[in-house]
Amino acid sequence: MSGVSSSPMPSSAPELRVDELRASYPQTGLGPRLEVLGGLSLSLSTGTFVALVGPNGCGKTTLLLCIAGLLRPDSGVIEFRSNGKSGRNVGLVFQNYRESLFPWLTVRDNIGFGLRGQGLSAGEAGSRAGRLCEELGISLPLTRYPYELSGGQQQLASILRALITEPRILLLDEPFGSLDAITREELRPELLKIWRLTGTTCLLVTHDVDDALSLSDRIIVLSRKPSVVAMDVDVPPPVRDHADPQARWELRLRVHDGLVAK
Amino acid sequence: MSSREFDRLGLLALVLVLWTVLSKLSLVSPLFLASPGGVVNAFLDDLQSGRLGRDLAATALRIIAGFGLGALLGVALGATVASSKRLSTAAAPFVDFARSVPVTALLPLFLLMFGIGSSAKVAAIAWSSGLVMMINTILGFENVPPARLNVGRLFGLSRPALVRQIVLPDAAAQVFVGLRTAVSLAVVVGIVSEMLLSTGDGIGGRLYDASVLYDTDRVYLGIILAGTLGYLFNLTVAVADRRVVHWRGR
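Protein chains in written order, with this note's numbering: chain C, -19 to 242; chain E, 1223 to 1472.
Please note that a few of the clues may not be correct.
Quick partial rundown of chain C residues pointing at chain E, CB under 7 Å, derived from the structure [to be verified]: (1) Ala48; (2) Leu50; (3) Leu72; (4) Phe74; (5) Asn76; (6) Glu79; (7) Trp84; (8) Thr86; (9) Gly94; (10) Tyr127; (11) Gly131; (12) Gly132.
Here are a few chain C residues that sit away from chain E, every Cβ distance over 10 Å (derived from the structure) [said to hold, decoys possible]: (13) Asp(-1); (14) Glu0; (15) Leu22; (16) Ser80; (17) Gln98; (18) Arg108; (19) Arg228.
Not close to chain C: a few residues of chain E, all C-beta gaps over 12 Å, as computed [said to hold, decoys possible]: (20) Val1239; (21) Arg1321; (22) Pro1368; (23) Asp1431.
For the record, the hints were derived by calculation from the structure and aren't laboratory data. Source: prediction; values computed, not measured. Ideal placement from N, C-alpha and C gives every residue a C-beta, glycine not left out.
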């Protein structure tokens, strides 16, 4: 059974529930389909920031694409908490901002893009984009084109673009993967600020355990493919905020062990 | 005047001086090497008689008509073929064959179909630039980054909206690559078809006639005019490309 259910769940229900999700890709030649997700289950509470780490090719991106509705799983359930609106209200940020931003649109029009699809005029969408930046305290050169911005600014613009339709869940697919270490460090607090101000439930896919520890309040480690949840740990605030280096170090080791475990 | 322009004018002056010296020394037979003065005289004569203007206009109009027609048909056909994976796979070998046929081999056919007038020449230009445009349009449509399309799908864009708001602007970059190639080709085919299907007008026809008449001055004049025309066409498309596809290479 596969599909999206938007049947009303009780208010204590999670923002997103994924149950026994299986997904596979056809392989070149006549071999069997490559199983990527092997009956994966997880749920996200409203307003949490969850990091998803796992070995290369374990299906992290596949999971995000399934949740976003861009890929059809073989079986399983993806259920969203009903928010009165129909359909899924999910934002997605890609690793490759150069490919996902529209170079023919200004930064303002890029951020407002999602509203054009809802029938807003270019002017209205643009002013909403400007307002979102103000509300979140992010200053970007809105009249410039994406290629005139630094990598970090471009990725911020694509995060704002994903947020313009006020999604309940923000999916981040290695958003810092194409950025240098210094820019990463600069963007982390910006992302945390956005999360706190919008209250959006965030699901961050990352390779970087440090990113996971610094941003999330929960880390889910996936196994090798066909992947399932191998480990699910909470990140206490003192660990996230570097207030308890000892605990941070221990948690880092635990996650690392979870990653390399068979 | 910037130093770059100064350098360029200097280089032009140097070439003209060398050309004058070389022709004055009579080291090369005047049959092969016209004198700058002779070319200038031919230019002024033809300008006064109105021939030069007529020739330039005839050639330019054929190129514009053929290139315009080819670009329109090529983009439309390319977009249609690219809209279906099955169609584009099926069409690929035919497109490859069509572009392997030298357009000069088609001139006799166009002559049969359209006669000696402008139509055959326009058809040849349209054929060659149309193929280039079709190939580049298919490439542009098929190579839209998946992430960009997913952004549109995620925001719930309908298929027509996806094409209009994402595929078309994204493919524009490759379409303009096609335009730059096609316009150079249009000039070449324009001049060649005027030579082979000569009606005595147009720069290509005049160039050919001048050669038959051993009028070396007008051969040189024709070469310079053809080059100037080609340069201006290329420049126009290049400027349009930089303005429209402002993100190219950035």
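ask   = Which of the listed hints are not met by the structure?
value = 8, 11, 12, 16, 17, 22
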